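There are 2 protein chains.
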Amino acid sequence: MTDTAPDWETTPLGSYRAVRASLTTGRPAAVATVTNVDGSAYRRPGAKLVVSATGDSTGAVTAGCLEDSVADIAAGVVESGDPRTERFDLTNDAEGVWGMGLGCNGVIDLLVEPVDESFRPAVEELDAKRAVTLLTVVASTDPTVSVGDRTTLTEDDDHVATERPGLPSAVVDALGDAVADARTADRSTTVTVDTDAGTVDVFVDVLTPAPDLLVFGRQRDVAPVARLGREAGFRVRVVTGRGGQADTDRFPDAHEVVPTRAPDIASVVDAPEHTYALLMSHNFVDDRVALESLLTTDVPYIGLMGPRKRFEEMREEFAEEGTSLTTADLDRIATPVGLDIGGDHPTQIALSAVAEALAVHNGRSGGRLTDSSGPIHGRPSRE
Amino acid sequence: MTDTAPDWETTPLGSYRAVRASLTTGRPAAVATVTNVDGSAYRRPGAKLVVSATGDSTGAVTAGCLEDSVADIAAGVVESGDPRTERFDLTNDAEGVWGMGLGCNGVIDLLVEPVDESFRPAVEELDAKRAVTLLTVVASTDPTVSVGDRTTLTEDDDHVATERPGLPSAVVDALGDAVADARTADRSTTVTVDTDAGTVDVFVDVLTPAPDLLVFGRQRDVAPVARLGREAGFRVRVVTGRGGQADTDRFPDAHEVVPTRAPDIASVVDAPEHTYALLMSHNFVDDRVALESLLTTDVPYIGLMGPRKRFEEMREEFAEEGTSLTTADLDRIATPVGLDIGGDHPTQIALSAVAEALAVHNGRSGGRLTDSSGPIHGRPSRE
Chain X
1 MTDTAPDWET TPLGSYRAVR ASLTTGRPAA VATVTNVDGS AYRRPGAKLV VSATGDSTGA
61 VTAGCLEDSV ADIAAGVVES GDPRTERFDL TNDAEGVWGM GLGCNGVIDL LVEPVDESFR
121 PAVEELDAKR AVTLLTVVAS TDPTVSVGDR TTLTEDDDHV ATERPGLPSA VVDALGDAVA
181 DARTADRSTT VTVDTDAGTV DVFVDVLTPA PDLLVFGRQR DVAPVARLGR EAGFRVRVVT
241 GRGGQADTDR FPDAHEVVPT RAPDIASVVD APEHTYALLM SHNFVDDRVA LESLLTTDVP
301 YIGLMGPRKR FEEMREEFAE EGTSLTTADL DRIATPVGLD IGGDHPTQIA LSAVAEALAV
361 HNGRSGGRLT DSSGPIHGRP SRE
Chain E
1 MTDTAPDWET TPLGSYRAVR ASLTTGRPAA VATVTNVDGS AYRRPGAKLV VSATGDSTGA
61 VTAGCLEDSV ADIAAGVVES GDPRTERFDL TNDAEGVWGM GLGCNGVIDL LVEPVDESFR
121 PAVEELDAKR AVTLLTVVAS TDPTVSVGDR TTLTEDDDHV ATERPGLPSA VVDALGDAVA
181 DARTADRSTT VTVDTDAGTV DVFVDVLTPA PDLLVFGRQR DVAPVARLGR EAGFRVRVVT
241 GRGGQADTDR FPDAHEVVPT RAPDIASVVD APEHTYALLM SHNFVDDRVA LESLLTTDVP
301 YIGLMGPRKR FEEMREEFAE EGTSLTTADL DRIATPVGLD IGGDHPTQIA LSAVAEALAV
361 HNGRSGGRLT DSSGPIHGRP SRE
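Chains as they are written, first to last, in full-length UniProt numbering: chain X, 1 to 383; chain E, 1 to 383.
Since the hints were derived computationally from the structure, they do not count as laboratory data.
Computed from a predicted structure; not experimentally measured.
Each residue gets a CB set at the ideal place from its N, CA and C atoms; glycine is no exception.
Where hints are given, some of them may not hold.
[Said to hold, decoys possible] Computed, partial: chain X to chain E, Cβ under 7 Å:
{"no.": "1", "residue": "T11"}
{"no.": "2", "residue": "A60"}
{"no.": "3", "residue": "G64"}
{"no.": "4", "residue": "G166"}
{"no.": "5", "residue": "S169"}
{"no.": "6", "residue": "A170"}
{"no.": "7", "residue": "A174"}
{"no.": "8", "residue": "H282"}
{"no.": "9", "residue": "Q348"}
{"no.": "10", "residue": "A359"}
[Claimed, not checked] FRET-style restraints, in silico, Cβ to Cβ:
{"no.": "11", "chain 1": "E", "residue 1": "T144", "chain 2": "X", "residue 2": "D329", "range": "29 to 37 Å"}
{"no.": "12", "chain 1": "E", "residue 1": "R27", "chain 2": "X", "residue 2": "G244", "range": "30 to 38 Å"}
{"no.": "13", "chain 1": "E", "residue 1": "N362", "chain 2": "X", "residue 2": "E320", "range": "36 to 44 Å"}
{"no.": "14", "chain 1": "E", "residue 1": "A170", "chain 2": "X", "residue 2": "D329", "range": "50 to 58 Å"}
{"no.": "15", "chain 1": "X", "residue 1": "A53", "chain 2": "E", "residue 2": "D56", "range": "39 to 47 Å"}
{"no.": "16", "chain 1": "E", "residue 1": "T141", "chain 2": "X", "residue 2": "G244", "range": "28 to 36 Å"}
{"no.": "17", "chain 1": "X", "residue 1": "E312", "chain 2": "E", "residue 2": "T141", "range": "35 to 43 Å"}
{"no.": "18", "chain 1": "X", "residue 1": "A328", "chain 2": "E", "residue 2": "N362", "range": "31 to 39 Å"}
[Said to hold, decoys possible] Coverage of chain X stretches by chain E, computed from C-beta distances (three or more under 8 Å per stretch; other residues unrestricted):
{"no.": "19", "segment": "43-57"}
{"no.": "20", "segment": "205-211"}
{"no.": "21", "segment": "215-225"}
{"no.": "22", "segment": "230-237"}
{"no.": "23", "segment": "330-344"}
Sequences and hints are given; from them, build the entire structure.
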């Protein structure tokens with residue numbers, strides 16, 4: 001099973017799998033991470049490019065303008081084994097648009113480091129669907145601290161250091177508020193800490209587990225949902241009553257095809273708070289039973305394909321059984337499913353549903369960015 | 001160049017191209033069209049499945065439950081050359097959910113007809129980016145009128161009949177209001193007309209040209225936009241300053257790669273009212289010049305990648321040159337581009353931008369359907 005999207009386009013799930021593959025197979029690789037950008041950039045701090053010793057690369061640090069240069073640097077890092085930083089100044093003063101670029105001008109700072117055991121705790125935490133924060137030194141005037149020194153923080157704030165030297169505990173302590181803020185905002189950022197012997201710049205890299213897209217159904221319309229869900233960065237799990245090789249072949253873009261009956265669907269949800277469910281069996285009873293099962297879990301989103309009245313009918317059946325849906329239940333149920341983009345073709349429906357699941361995952365409401373980001377249209381004309 | 005999406009998932013553009021291919025090559029094919037659904041359906045009236053004489057099929061009339069049966073019927077129609085209708089009653093009374101299905105129960109009426117010269121006027125109009133309406137008889141108690149009789153209406157309301165008998169002009173006249181409503185709503189529908197000798201059911205099929213997605217740029221992030229744009233039903237035209245085979249290879253999902261410099265981009269817009277533009281060269285000057293050029297056309301949408309302040313900078317330069325943007329100009333410019341779904345990864349950005357272009361094309365706002373379709377959350381609890 002391969003990723004549908006070309007590797008340059010990969011989401012964090014793809015980057016993380018490339019790192020894990022290097023650790024598992026022992027095939028050397030390097031990771032380049034954006035640690036800072038000056039001006040606006042196409043990618044934000046935390047964006048990663050993983051380069052194997054054979055030159056294969058996964059991920060992106062710009063819109064495509066630096067990847068070749070970075071691959072060369074990564075090859076050197078794989079050889080030396082030493083983490084390093086690199087600044088790319090793509091400022092194009094001739095055009096007088098400093099800071100207005102999108103990754104092909106402006107200034108971008110990168111940390112380029114070998115995949116070594118210092119990544120293993122992060123991979124293990126992410127595998128277990130737990131968030132993790134990497135604290136990595138990217139600059140230091142303190143002689144006791146070097147670029148690449150790393151402490152990994154688990155969700156429970158355990159400090160883990162493996163292979164590379166950890167950060168001095170005073171530095172980790174000083175980072176407390178910045179780490180909390182970065183986690184809350186889900187934004188990686190570089191923070192400067194004063195020590196007794198100098199200053200240390202630490203890249204606080206917040207890594208969150210890939211969300212699961214749990215798709216209940218086995219009709220053909222599941223296929224574009226699986227494909228677009230995978231491309232959008234979800235780990236896609238298709239739940240079919242049948243399962244088996246036939247269904248695995250039917251949905252080649254799914255990361256996993258799980259044979260489970262509708263009443264038991266809750267039992268296959270292994271990370272509820274990271275799971276976004278889509279019910280699209282096209283069978284009223286199956287969808288209703290699956291919905292009832294999922295409502296016993298803490299999944300934040302249950303998209304129910306079909307018109308509103310279909311859900312109203314389900315709700316009446318719940319009421320007849322004496323089951324009342326709480327406001328919190330109703331807030332998790334999205335029906336009609338999807339963002340309001342029009343179009344009733346299979347790929348358009350899939351696009352709408354996957355976009356909504358992604359929006360909910362990111363705490364967004366859909367709608368047009370141009371309408372929500374401050375006055376342009378309302379501003380009085382200059383002329 | 002092949003469609004990325006499997007054929008079952010194809011948009012109207014794909015169905016229309018399959019019909020055109022049959023007319024052009026002379027290879028026989030049949031078209032099945034949904035003419036009516038009872039209850040809610042996965043596909044709406046007008047949805048098409050094109051089946052070639054060799055059994056290849058393009059398109060979908062349900063979520064995947066009927067396609068095999070329909071292909072068999074289509075094979076018979078190819079052989080006989082006679083249009084026919086077929087009703088599928090998938091009502092599943094055992095589950096007591098009549099009308100609540102999504103294409104795998106409920107009642108679906110289909111028109112199955114050979115691809116013949118009666119389709120040619122429609123193909124030619126759509127090729128010229130003009131809408132067209134097919135009026136086709138799907139039932140008749142009038143002995144002078146038969147199933148499959150067809151009159152094609154152009155945008156200018158010329159009546160065209162080719163190969164098959166046209167509809168009596170009294171019937172076409174009687175359909176006037178229904179045709180106008182169907183066009184306005186962009187919804188195909190079946191209408192019953194009384195004649196002197198009986199009643200005639202006419203399927204009013206509104207066909208609109210596929211929208212163009214005009215993408216200006218040649219960085220790697222154009223690739224996922226081209227791919228998702230194609231999947232969503234756009235004819236994708238990538239405009240690069242360079243062009244040539246290198247760029248054609250670079251963007252295999254584009255229907256066309258057009259070599260044109262930024263100041264000349266207006267000259268390649270051949271159907272402005274059907275063109276949705278995305279400016280993503282990542283070069284401030286190129287994007288600004290391309291924007292200025294596109295504003296001289298009637299394109300309804302210009303998505304400008306980058307932060308709001310980048311556009312403000314462009315606007316200042318326009319003002320310094322004495323060019324003032326009108327409110328109508330500003331309403332066409334979308335920046336930041338895309339729907340608000342979060343995520344800054346290449347495919348997520350592409351998903352957001354393509355979803356916005358589709359929403360604008362369909363006159364939608366891109367918000368969550370579950371929030372906009374009547375009270376569920378606000379309704380007092382039954383209990």
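Out of the numbered hints, which ones does the structure contradict? Hints 4, 5, 6, 7, 11, 16, 20 contradicted; others consistent.
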